[in-house]
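Colleague: Each protein sequence line maps, in turn, to chains Z and F. Numbering follows the numbering used here, in which position 93 of the first sequence is assigned residue number 151; successive positions increment by one, without gaps. Numbering follows the numbering used here, in which position 63 of the second sequence is assigned residue number 121; successive positions increment by one, without gaps.
Note that these hints are calculated values from the structure, not bench results. Even glycine gets a Cβ: it sits at the ideal position worked out from N, Cα and C. Hints may be right or wrong, so weigh each one.
For the chain Z half of the interface with chain F, some residues (derived, Cβ under 8 Å), not all of them [as the list claims (entries may be wrong)]:
(1) G74
(2) A82
(3) F104
(4) D107
(5) F147
(6) A158
(7) G160
(8) L161
(9) K165
What follows is each chain in one-letter form.
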Amino acid sequence: GESVGLHLPTLSVQEGDNSIINCAYSNSASDYFIWYKQESGKGPQFIIDIRSNMDKRQGQRVTVLLNKTVKHLSLQIAATQPGDSAVYFCAETDYSGGGADGLTFGKGTHLIIQP
Amino acid sequence: DTEVTQTPKHLVMGMTNKKSLKCEQHMGHRAMYWYKQKAKKPPELMFVYSYEKLSINESVPSRFSPECPNSSLLNLHLHALQPEDSALYLCASSQGGLSSEQFFGPGTRLTVL
């Protein structure tokens, strides 16, 4: 089964409102978490990341929150714009020491911005 | 150059064909990855190369054969595929190690007839 991804298939918000996209993970050993945005016909685009020794990280209009106690990750997008319409995936990796590790992706949430 | 390029963008092949997907990055990254993404599903890891050596194979069928000719190039050789192998194949690269962002290419849309 999948180790990442509380699934809310579609989230519809009004332009200008804030959006919150949630994700749950099951691997307690996960060290590193990433949010990706994928627009139709494109590859995933990095938005923001967070390490397991942090609980909050902010970027430009985006904030990621990590709650290790309940194994929950969220992405907050402030003042959503039409260009934010996309599928958003959380992803995690369990750093096994020294090497490059693949990512395990959650199921994804399709964010729709209403004018 | 912060881009991962993939060719071709689209590929249609029969079940008896042999084809190859190509991926290139010039960011000096030491890790490269292949993912498979079916429609309306998340990407799934197939292979990881670290320092040009295969480090992870997620039990992928042998009809998919990866190759890393040098640190900038990654190929995926396809042979005797099945229609259910139709998907978007994504390549990614990263510096490797903890907190290492993976940069994704645009993918190759593969259709197996």
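Colleague: For every hint, state whether the structure bears it out.
Modeller: Checked hints:
1. G74: With Cβ-Cβ at 28 Å, over 8 Å, it is violated.
2. A82: Not OK, violated: Z/A82 not within 8 Å of chain F, min 14 Å.
3. F104: Holds - the Cβ of Z/F104 comes within 8 Å of chain F, reaching about 5 Å at its closest.
4. D107: Z/D107 check passes; min Cβ-Cβ to chain F is 6 Å, inside 8 Å.
5. F147: holds, 6 Å
6. A158: For Z/A158, the interface hint holds, since the closest Cβ of chain F sits about 3 Å away, which is under 8 Å.
7. G160: holds, 4 Å
8. L161: holds, 6 Å
9. K165: holds, 6 Å
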